[in-house]
Amino acid sequence: MKTRNHEYTQWGERRQSRMFVRGLHLDVPLLLGIIILSTIGLVILYSASGQNDAIIIRQLMRLALAFTVMLIVAQISPHHIQLWAPWVFGTGLLLLAAVLLFGEEGKGAQRWLDLGFFRFQPSEIMKLAVPVMVAWYFADNPAPPSLKNILIAALLIIAPVLLIAKQPDLGTSLLIASSGVFVLLLSGIRWKHVSVFILLIATSAPLLWFNLHAYQKARVMTFLNPENDPLGAGYHIIQSKIAIGSGGLYGKGWLNGTQSHLEFLPERTTDFIFSVFSEEFGFIGIFCLLILYLFIVVRGLYIATQAQSTFTRLLGGSLILTFFVYTFVNIGMVSGLLPVVGLPLPLVSYGGTSMVTMMAGFGVLMSIHTHRRLLSN
Amino acid sequence: MASRLRIKDHIRESRTFNERAAIALALVIIMMIVILARLVYLQIISHEHYTTLAEDNRVSIVPVPPTRGLIYDRNGTILAQNLPAFSLEIVPERITNIEETIRELSEILEINDDHLKRFKKQLQQKSAFRSIPLRTHLNDVEVARFAANRHHFPGVEIEARLVRDYPYSHLTAHVIGYVGRININELKKVDASNYSATHHIGKLGVEKFYEDSLHGAVGFKNIETNVVGRTIRTLEQTPPLPGKDLFLTLDIELQQAANKALGKHRGAVIAIDPRNGEVLAMVSKPSYDPNPFVVGIDTKSYRALQEDIDKPLFNRTLKGQYPPGSTIKPLIGLAGLEKGISTTNNSIYCPGWFSLKGDDHKYRDWKKSGHGTTTLEKAIVESCDVFFYDLSLNLGIDAMSDYLSHFGLGKKTAIDLPGELAGILPSSHWKRQKKGLPWYTGETLISGIGQGYNLTTPLQLASATATLASRGLYSRPHIVKAFGTGTDSEPLPAVLDQENRHDIASNENWEYMVNSMVKVVHGVRGTARSISEGVSFKIAGKTGTAQVFGIKQDEKYVAEDIAERLRDHALFVAFAPADKPEIAIAVIVENGGSGGAVAAPVARTVIDEYMASKTRS
Chain A
1 MKTRNHEYTQ WGERRQSRMF VRGLHLDVPL LLGIIILSTI GLVILYSASG QNDAIIIRQL
61 MRLALAFTVM LIVAQISPHH IQLWAPWVFG TGLLLLAAVL LFGEEGKGAQ RWLDLGFFRF
121 QPSEIMKLAV PVMVAWYFAD NPAPPSLKNI LIAALLIIAP VLLIAKQPDL GTSLLIASSG
181 VFVLLLSGIR WKHVSVFILL IATSAPLLWF NLHAYQKARV MTFLNPENDP LGAGYHIIQS
241 KIAIGSGGLY GKGWLNGTQS HLEFLPERTT DFIFSVFSEE FGFIGIFCLL ILYLFIVVRG
301 LYIATQAQST FTRLLGGSLI LTFFVYTFVN IGMVSGLLPV VGLPLPLVSY GGTSMVTMMA
361 GFGVLMSIHT HRRLLSN
Chain B
378 MASRLRIKDH IRESRTFNER AAIALALVII MMIVILARLV YLQIISHEHY TTLAEDNRVS
438 IVPVPPTRGL IYDRNGTILA QNLPAFSLEI VPERITNIEE TIRELSEILE INDDHLKRFK
498 KQLQQKSAFR SIPLRTHLND VEVARFAANR HHFPGVEIEA RLVRDYPYSH LTAHVIGYVG
558 RININELKKV DASNYSATHH IGKLGVEKFY EDSLHGAVGF KNIETNVVGR TIRTLEQTPP
618 LPGKDLFLTL DIELQQAANK ALGKHRGAVI AIDPRNGEVL AMVSKPSYDP NPFVVGIDTK
678 SYRALQEDID KPLFNRTLKG QYPPGSTIKP LIGLAGLEKG ISTTNNSIYC PGWFSLKGDD
738 HKYRDWKKSG HGTTTLEKAI VESCDVFFYD LSLNLGIDAM SDYLSHFGLG KKTAIDLPGE
798 LAGILPSSHW KRQKKGLPWY TGETLISGIG QGYNLTTPLQ LASATATLAS RGLYSRPHIV
858 KAFGTGTDSE PLPAVLDQEN RHDIASNENW EYMVNSMVKV VHGVRGTARS ISEGVSFKIA
918 GKTGTAQVFG IKQDEKYVAE DIAERLRDHA LFVAFAPADK PEIAIAVIVE NGGSGGAVAA
978 PVARTVIDEY MASKTRS
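Order-wise, the sequence lines are chains A and B. Here this note's numbering is used: position 67 in the first sequence is 67, and no number is missing along the way. Here this note's numbering is used: position 461 in the second sequence is 838, and no number is missing along the way.
Derived by calculation from the structure, the hints in this document are not laboratory data. For every residue, glycine included, the Cβ atom is placed at its ideal position computed from N, Cα and C. Watch out, some of these pointers could steer you wrong.
[To be verified] Stretches of chain A that chain B covers, calculated by requiring three or more beta carbons in the stretch to come under 8 Å of a beta carbon on chain B:
no., segment
1, 246 to 254
2, 274 to 287
3, 326 to 334
[As the list claims (entries may be wrong)] Over the 10 Å line for every Cβ pair with chain B, so calculated as not near, a few chain A residues:
no., residue
4, I35
5, L42
6, L65
7, L71
8, I72
9, L83
10, W84
11, I201
12, L207
13, F210
14, T310
15, G351
Could you build the full structure based on these sequences and the hints that come with them?
Below, the structure is given as structure tokens:
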């Protein structure tokens with residue numbers, strides 16, 4: 001009796017705490033994955049920054065902000081998100097146009113909008129607004145979508161993507177394009193249409209090439225043969241490969257990476273933080289890190305499959321796949337598989353707004369998962 | 378229109394979505410595997426390759442220069458040392474715009490055209506990662522001024538270097554020579570890796586001859602550097618092996634005395650210990666200050682030295698080739714005795730001139746009235762020319778040449794100094810070979826009094842005198858007495874080259890000749906009797922004059938009438954004490970006129986100083 005009673009109370013406590021988390025609209029496995037990942041991020045950032053406490057404190061403050069944003073977004077029911085979708089998307093589009101007209105230059109690209117009290121990148125809004133908008137568009141249309149619907153969806157994607165590519169911010173525009181494309185693919189678009197789509201991309205690739213900025217072309221060329229320009233454009237990728245390769249199976253140990261500590265590795269707290277991690281923790285460390293990313297992706301996809309409406313399914317699936325693409329592109333870039341496009345490693349790299357957007361995305365996922373029963377009621 | 382009629386099938390849509398999500402998951406896993414494969418390639422398969430690259434990034438090998446060996450005189454007085462000096466150095470590789478950097482540097486430090494010229498020359502010769510000095514010998518104020526602005530100048534550093542210093546300056550310049558910046562040709566001759574941190578190399582004198590011993594072996598430091606090349610720490614090092622110290626045979630006090638005794642004259646003094654060939658003093662005058670050559674002498678000063686009519690850069694002791702004049706007479710006298718042509722008793726009559734049969738050319742004696750009846754001894758003491766015209770005629774040029782070669786004339790002494798010349802010991806064979814002409818008897822006569830084709834260096838004269846003094850013991854003249862490896866270890870004696878040549882003259886003949894030479898100094902009619910005053914031991918000597926130009930027939934020679942530079946060179950050779958010689962000397966005073974009046978007192982001063990220092994110690 002005692003044991004039963006005990007078991008009962010334990011079950012009750014667990015239920016109570018679960019209710020509490022549920023009340024906050026948080027998904028525990030996803031939350032755990034994110035917390036572990038950002039902790040690893042702080043540990044490696046401490047090493048990559050040369051044990052700079054100020055940077056750690058700033059990153060902690062950003063994380064706090066990002067978690068707060070996630071918590072707030074998680075409270076908003078998907079229903080409301082769906083309602084606001086056209087308005088948010090429309091505003092984002094206007095802001096992007098404003099950036100091109102009045103935007104501030106930073107590092108040779110026009111990405112910032114100065115609102116007097118606060119500077120931000122409208123492209124960050126679009127990272128969420130594009131999948132939300134495309135999912136909204138398909139929400140009420142029966143699957144599989146017709147060609148007309150696909151073309152309209154494509155327009156919704158291409159408009160912001162072109163505006164961002166014009167800034168120029170190739171990395172972000174490609175990611176936003178892929179987030180929209182994920183919605184299309186998940187919506188049950190016919191394989192016939194997919195192959196036509198791929199053919200279109202293949203034929204327009206040369207066209208895209210001629211519209212690239214010189215530095216974007218250089219990045220692609222450098223990617224194809226980094227040893228061509230070891231002191232110039234190829235320097236980043238060569239040093240990054242040296243850092244990763246010299247890490248070996250077990251790594252050089254935390255705080256012992258020579259490539260990063262002696263400053264051979266460029267951008268080591270931001271885009272190239274994965275190289276620092278590889279150098280210090282080796283292949284085994286990376287394997288564990290990738291498992292963690294995979295866990296988050298799997299949990300995200302699970303949430304999407306459990307979603308109860310077309311809108312939430314498509315949105316959830318797109319958000320988590322975009323998260324994965326971020327991860328893949330960053331790792332592919334620093335390990336020399338992909339050109340250097342300047343994307344951070346999600347939740348690990350030092351820095352700003354993209355982390356907040358990312359966490360807002362997780363907030364949406366949590367909202368989708370935790371508002372299910374409320375919806376069905 | 379048709380699509381409007383289509384009804385949403387939630388179950389089917391959900392199933393489609395799940396299918397697509399599964400495909401997406403499969404793709405995610407495939408991409409993860411691609412990443413893992415890439416990382417296996419980088420971290421496991423190519424691990425060694427990238428480790429090497431990381432090490433190359435991180436570790437640089439820096440050569441550490443060895444400290445150059447010091448040079449001491451025989452009593453341990455330092456003659457060449459290394460003093461710390463600050464220089465401003467630039468590593469071209471680390472600077473994007475050298476012109477601009479130099480312009481900015483010139484705002485805080487004095488940088489003139491000479492500095493720039495020297496810097497640019499080295500800039501072309503050296504690799505970009507080697508540091509090149511722009512300014513040397515910075516003073517404290519300049520060092521402080523640069524230190525305050527240092528952060529503006531990455532790639533520019535103040536280096537404390539040891540700079541070679543010669544405290545005795547002019548006095549030892551011709552013996553020790555100097556070190557100067559290595560040029561490309563010199564670098565080709567040495568082991569470049571051993572000289573990878575060395576900036577200077579011996580250019581002349583002892584510094585050049587003993588370069589290998591003085592230099593030492595380079596050391597290496599493995600240092601960890603960051604991306605801009607700043608040293609983080611030293612990982613390991615092989616310390617350099619310092620160069621050997623050299624102890625010279627030279628006695629700096631004797632050197633000083635000889636230098637002083639020459640006064641304002643141009644000339645050379647060499648003192649050798651006849652017992653072992655040690656060079657005790659070696660003065661070539663005028664001289665120069667070698668110290669500016671170490672840091673790089675400016676063009677103007679160098680040109681001034683080169684164009685100086687007195688030729689201060691010219692080392693007279695090794696390269697000056699003078700007719701030996703009458704100083705050769707004791708050797709020819711010995712030849713006469715040994716070949717049985719003259720004896721200690723026979724004599725000739727000297728009317729003041731000599732002529733060959735069938736030739737009315739008069740070969741003059743320096744004394745117009747003649748010496749009258751003259752024995753060999755008298756001919757030495759009074760330096761009678763006619764006696765030696767007669768003797769050399771009887772000996773013949775080839776026998777004479779052959780005998781004189783025993784005393785080392787006409788060939789290098791092989792002293793341990795660079796640049797020595799061989800002089801000329803004429804013979805009929807030599808003349809045929811060099812001039813393509815037969816030998817004339819008249820030339821034998823003037824060769825007999827050390828004129829004509831005869832040329833000797835002061836070193837050869839001193840060495841021959843030493844052989845004479847030691848009665849035939851030949852010791853190769855040498856300037857280095859011992860090697861030391863650091864201050865705490867015992868010096869190792871240099872190898873001594875000795876050869877016994879007692880057979881070149883019999884005992885009686887040696888003594889006869891030495892005795893005659895003693896009378897040159899101590900005899901009442903000796904040509905060097907002026908220096909005999911107050912000597913407690915016997916000095917053996919021989920005066921000589923070497924004609925700078927030929928005197929025409931029947932023309933009276935009046936020294937005062939001739940411009941100073943056309944005057945005869947005054948020579949004197951001597952050794953003392955005559956019975957047990959410890960010092961042999963050759964003195965040449967250029968355009969000094971009379972050997973007895975000008976050159977002999979120099980020798981006397983040196984001998985006095987030698988004896989005095991002997992009693993002092």
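Verification of the supplied hints:
no.: 1; hint: 246 to 254; result: holds (count 4)
no.: 2; hint: 274 to 287; result: holds (count 5)
no.: 3; hint: 326 to 334; result: holds (count 3)
no.: 4; hint: I35; result: holds, 22 Å
no.: 5; hint: L42; result: holds, 23 Å
no.: 6; hint: L65; result: holds, 29 Å
no.: 7; hint: L71; result: holds, 26 Å
no.: 8; hint: I72; result: holds, 27 Å
no.: 9; hint: L83; result: holds, 19 Å
no.: 10; hint: W84; result: holds, 22 Å
no.: 11; hint: I201; result: holds, 17 Å
no.: 12; hint: L207; result: holds, 27 Å
no.: 13; hint: F210; result: holds, 29 Å
no.: 14; hint: T310; result: violated, 6 Å
no.: 15; hint: G351; result: holds, 22 Å
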